[in-house]
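Trainee: Build the complex from these two chains, which are given one at a time in their own frames, with help from the hints.
Chains as they are written, first to last, in the numbering used here: chain A, 867 to 1323; chain B, 1209 to 1598.
In short, the hints are calculated from the structure, not lab data. From the three backbone atoms N, C-alpha and C, an ideal C-beta is built for every residue, glycine too. Some hints could be false.
Over the 10 Å line for every Cβ pair with chain A, so calculated as not near, a few chain B residues [claimed, not checked]:
no. : residue
1   : 1452
2   : 1463
3   : 1571
4   : 1589
Computed footprint of chain B on chain A, listed as stretches where at least three residues anywhere in the stretch have a Cβ under 8 Å from a Cβ of chain B [stated by the list, open to error]:
no. : region
5   : 1000–1006
6   : 1162–1169
Per the computed footprint, the stretches of chain A lying under chain B, defined by three or more beta-carbons under 8 Å from a beta-carbon of chain B, are [as the list claims (entries may be wrong)]:
no. : region
7   : 1143–1156
8   : 1183–1189
9   : 1192–1206
Next come the chains, spelled out residue by residue.
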Amino acid sequence: MRHALEIAAAVRSGRLSALGVVEQCLADLAHEAPPLVAVTRILSERARVEAAEVDAMLAAGRDPGPLAGVPYGVKDLFAVAGLPNDAGSTLYAAAPPETRDAEAIARLRGAGAVLVATLNMDEFAYGFATINARHGTTRNPHDLERLAGGSSGGSAAVVAAGLLPFSLGSDTNGSIRVPASLTGLYGLKPGHGDLPMGGVFPFAESFDDIGPFALTAADMACIWQVLSGRAAVDHGAPLRVARLGGRFTQNVDPDLTAALDEIAPGAPTIELPDIARARSAAFVITAYEGGHLHKDALARDPLAFDPATRDRLFAGALLPDALYERAQAFRAAFKEKVRGLTADFDILLAPATPCVAPLVADPRIKIDGALSPARADLGIHSQPISFTGLPALAVPLRRPGKLPLGVQLIGRPHGEAALFRFAAMLETRGLAGVSAPAAGLGGLRSKKGAFRGEMTS
Amino acid sequence: MKLPFSLDPFLVILVAVVGGASLLPVRGAAAEWTGIAADLGIVLLFFLHGAKLSREAIMSGIAKLRLHGLVFGSTYVLFPLIGLAMGWALAGHIDALLLSGLLFLTLLPSTVQSSIAFTAIAGGDVAAAVCSASISNMLGIFITPLLVGLFMNLGGGGEVSTLEAAKSIAMQLLLPFVVGHLMRPLIGGFVARHKTLVQRVDRGSILLVVYSAFSAAVVNGLWTRVGALDLALLLLLSAVVLAIVMGVNVLVARLAGLAREDAIVLLFCGSKKSLASGVPMAGALFPAAQVGMIVLPLMIFHQLQLFVCAVLANRYKKAMEEAALPGGATDAVPVENAITLPRNEADIAARAAALDMVVPEACMPGLIANMTLLERHARTLLEPQADPAT
Chain A
867 MRHALEIAAA VRSGRLSALG VVEQCLADLA HEAPPLVAVT RILSERARVE AAEVDAMLAA
927 GRDPGPLAGV PYGVKDLFAV AGLPNDAGST LYAAAPPETR DAEAIARLRG AGAVLVATLN
987 MDEFAYGFAT INARHGTTRN PHDLERLAGG SSGGSAAVVA AGLLPFSLGS DTNGSIRVPA
1047 SLTGLYGLKP GHGDLPMGGV FPFAESFDDI GPFALTAADM ACIWQVLSGR AAVDHGAPLR
1107 VARLGGRFTQ NVDPDLTAAL DEIAPGAPTI ELPDIARARS AAFVITAYEG GHLHKDALAR
1167 DPLAFDPATR DRLFAGALLP DALYERAQAF RAAFKEKVRG LTADFDILLA PATPCVAPLV
1227 ADPRIKIDGA LSPARADLGI HSQPISFTGL PALAVPLRRP GKLPLGVQLI GRPHGEAALF
1287 RFAAMLETRG LAGVSAPAAG LGGLRSKKGA FRGEMTS
Chain B
1209 MKLPFSLDPF LVILVAVVGG ASLLPVRGAA AEWTGIAADL GIVLLFFLHG AKLSREAIMS
1269 GIAKLRLHGL VFGSTYVLFP LIGLAMGWAL AGHIDALLLS GLLFLTLLPS TVQSSIAFTA
1329 IAGGDVAAAV CSASISNMLG IFITPLLVGL FMNLGGGGEV STLEAAKSIA MQLLLPFVVG
1389 HLMRPLIGGF VARHKTLVQR VDRGSILLVV YSAFSAAVVN GLWTRVGALD LALLLLLSAV
1449 VLAIVMGVNV LVARLAGLAR EDAIVLLFCG SKKSLASGVP MAGALFPAAQ VGMIVLPLMI
1509 FHQLQLFVCA VLANRYKKAM EEAALPGGAT DAVPVENAIT LPRNEADIAA RAAALDMVVP
1569 EACMPGLIAN MTLLERHART LLEPQADPAT
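Just chain B, with the same shape it has in the complex (with noise of 0.2 Å):
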């Protein structure tokens, strides 16, 4: 049987360098060596984030200024929430830099790519998706590091100061990203028609500081502080995490009414956070020996989103194509202040349930189809339309 999902190829071979580092970390001055190729790493990193910030494709999004707005409270204000509350909750029964780690998650833009890629199989506006993402995380390289200084204890053992992370903020992100972008004319092509190029150098500089930041960590005693247990709790967190976020994504979309295919992209794009970003961002904002343990919950979480989402994407691809309608069925939408008709299976099914019946699995996309046409002739019935009589 083939499984829903699959296996991030990109996180088994994080993993594997997180054991590399493990084994074999890298010490003395090779590790300073390294510290300062990862540096040069992120500096990489961002200057192509900057690159491939595409603002036509942010534009041809951005109508939907509602969707947007839910989209940015979920990732820079919900999920902050939840990571101070889990925080507070569980401050003393957790390894402090675990839980800084969680709470770092908690603060990150969301991811780019694969929200996009879940909107589009889940059948989503993608077109709002690439817009929503892509704000979201260059909003992130603001927003992020503000954000870890008004929650974080920055440099733990006060080794950085809030000025020395502002000024790597300033160098190895901001300055970066803002001459990637201004470059975007000239090497936009390149960088557009080179995307496995550019996806090495991508993935290759976030390997070089995982690898980096890792050996710092096990030359710490990474190891020692956290065992099984540890990484099953986090797994467990990061599981709460997501379902409390996905939940509250599904009950404001419905609340504030938005169309199927918008709700898609709350959910996949409100729900995600950015292993791209959080890595070297975590490498610019935290002392070395502490990035491994702090980037150790959003590894896990990655995994966990990507595993999710997958099940969810497919979930809603099936329901759209079971549909049969061109575009799909979507949420219940009122069709005049308390006149909503029920038009996906869930909908359909309680309103069968209310008048003591069942719909059989046979009947469902008949259903779904004739209540999409009578939702037609509600919507033509109730609008006020020019009468040409009078």
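If we strip away everything but chain A, and leave its shape as in the complex, we get (with noise of 0.2 Å):
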């Protein structure tokens, strides 16, 4: 199996057929996943049946689409046809099934995509962890006793060990960008409401969207245009870029600083205003806005949800509304001072995480000096940022034997195009890239010798 591009390439040209592919995904999966504890469900007859559905258009003479044949997998918050959607938690496992496919499902299959698992995830998507108390911890392939990050870490996981070649998350605070990072990822959360959100289970609807996980540039780019249904025109001209200063220099791991300094050397620094109250006018409006989406069922049956997010939520229910509201005119002021200030660039940089994956052991991270929970603070680089709307891409750094790191490229607004082709020229100078877990560390590898997913063209 190779990254995305490659295999729609050789599908279409007949030397691989779709159903092959899928077959082969999912002998992998059933055999290579379960130390990941990222897959939930294997969704094998539909698989199937998309592949050969593929294969069939093949033979009549007709294009499936840019991404024919891919197998790819969904964070448990995608509706599926015929599954409960039950966003990770046990308190919808019995939910009435889906009678339809999420908005997102059925673009991917009109563009050729087969759909083969469901992706494990923190309850509700509320975390940075992906410790879920029904279907477990998911592991880093980089290193299986380290997190890989959340809320959809199964997302990351799967296509960073080599098993999908991409896969789809959902991004309300970081929840792409996070475990992109910590598991090696290019990682995309689009301009908010760009991608289509039908059928996506909410979490805090002023900051969710989805995005893809993918191993390079060009595959997330197409990915994106399949999704958004627009072409990722761009004109070609200089990338205007800045670096963010002030609290995004603070927390942050020297290897990233390092790399920053090579990405963008004497790029000017942009400090924006008011970060800290950013990131905690975000925590308020996530916290109100999943505490009342949950509101109902809190009030029935509070004791089925999974301890870890049950309380955050409950705590969210009983926030005051005009706590909520001056958080949203906050929101609103700062969106238009921020947009100002950033006017004048195409992408500006920062880190994606402050550090590597922490340990499932230990999932407690260093901020400010002290120790905090990483399902709450690892996303201290990514709310911000999720707070004024922008696209953000996080792009892994080449470090071949270490545990991965990974930069936002935060965009201008509808100004993803910039940002794929700022990574593709990374990925060109040799500083981005997919590399691949390194046995040293502790990490899964391929049974079969080279990394899968690594670049091979």
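Mentor: Here's what the structure looks like:
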């Protein structure tokens, strides 16, 4: 198996059959995924049907689309026809089955992609750790003793392990960018509201977005085009790059700082105002919206929730309306201010996470000199960006043999194309790219030798 | 099962001494000598009070002026008002001397040791408690006799004139206290090093006063005037006084927006009356024959307050431990004007109930921890900050 565009090219040219690709993928998932605790359901029958459709279209001389025969998985909060959409909870495990696929799945199917699995997450997407009471804690393929990050941890782990070429997650405060950074993948949080949310279990609607995890910048661009229904139009003009200063330079792994120096030497630094307040406002809005979304269920049967998310949601449900209104008012003013300050730049650079993946046995990270729960604070650099609604792409630093780390490329409104181009430039310069899990780190390594997700062309 | 409180061992001895005085009251010439010894005991007591008073301790907790004002108000305004109201309402229904004793106890200063101990157990601001209780105790030397002079018919039968009362206050309370405090540079170290010895002298003096007072009272027919019913009534009235004071203090703390650690100081320092000050003061202020009756309500109140405060302090402690947070959960403090986040168990349960939700016990510790985290974010959000970009 190779990266998504390679598979699609092979299937479209007839060198591989979609069914063959899917059978291999299903076998790999069955054998190699269990140590990751990343897969919640393998959809074998459905995958075979979809793959057969692709092969049939090709046989009939029709084009199945740019992702022909490419297998993928979705986070446990996308509606899949015939299955309950439980958002990783026990509470909705017995909910009535969905009658239709989420809009994003429908669009991917229309482009020839084949859904093979649903993937683990923090219950209701509330956390940066993927510690789930029902399904277990997702492991990082680079070191099984470490977290994969969250809340879309399952989606990240399977792609980083080379078991799927891409997957979908959701990002409210960093739930794609954080696991992408910790597992060494490309992960996109689109401009807020840009990608279809139909059939996605909500969390905090002010910030909820969906996005892909991918192995290359080109894969990411292609999947984004399929999902958004738009072409990644880029005029090729020189990109104006700046670095975010202030709070984004604190609580940062020195390797990340060095990488940012190398990526954009001499780039001006922009200081965004009130970052601490922005993060706090995001925290309040998320808690309030999440709490109110689940208020009735909390009133009915609070003990059915995962204890780790239950008390957070409960607290959010008790927040005063006036506080929420103040947070939203601050957000409106903040967005305006940030857009004014960043108007002259196409790319803003910031770290994606403060550090490498924390240990499962000690899920804490150091923030401002004190240990704090990874579940709440891994998103310290991603949460303020969600607050602006701007698109942000997590890009993996190329550092084979080391635990992964990622940077965020933050774009202008509808500026995704510039993000993809800049990421591709970093790949060409050898600064960015997916690295295989190193055996010495206790990670998951393919039994077949070479890391199958690695770029081979 | 271990009781959440224990009987004060000193009180047991005190009751034994009262029993001894009832069975073997000292009479005649021996009574005179005992009276003189008791007077000397009072002098010694206040001398030691003066020597123990640490100005540094007072200064270290003085910053919270509003809190000390509230404690002072509770001790010297709220309590006396309740005492006066009871005296007015119960006049004619209860023995006049016992009623005087009830009023007397409401005029007394706060205790030092037990106020501080309970504040510490409950996780309150100990420095503020030390300061508040010490100030209350020191000012009591002036204020209590003043209030007694204002509200009580000193001497009852006119045996003791106001002038004589003032003289005995000056000689037995004030002078020894001031001398003791002035000698603190010389004997302060000794007093601090020999706490047990000092405490024994303290308590011995109190027992001597009590023995002397009750002997005189028994000779004057104390137990023919006071029966079991009167004692039960005193217990009930003490409970009423304590309940009103504590209720008002909790309410005031909430209205004033006191932080949890300060609300605890107000509750424990503001609701106490000092046996250690009250007994010798009664000895100095009232005729020997009346002192026994006067201090009886104080003795009953003293045990009741220890019992109630022990239970409350342990409840506060438990709530704090359950919150599992450094410093513990605090009462709701407005983040900004109308925006208040519920942070303690009661407020969280009330807020949930208002939203038709019930908080299961299993959720409460996590909920308190999350509300604390959210309050920190709410403060960051709402507090004005320097804006580096403008």
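Trainee: Of all the hints given earlier, name the ones this structure violates by number, lowest first.
Mentor: Checked against the structure, the hints that fail are numbers 3, 4 and 5, while the rest are satisfied.
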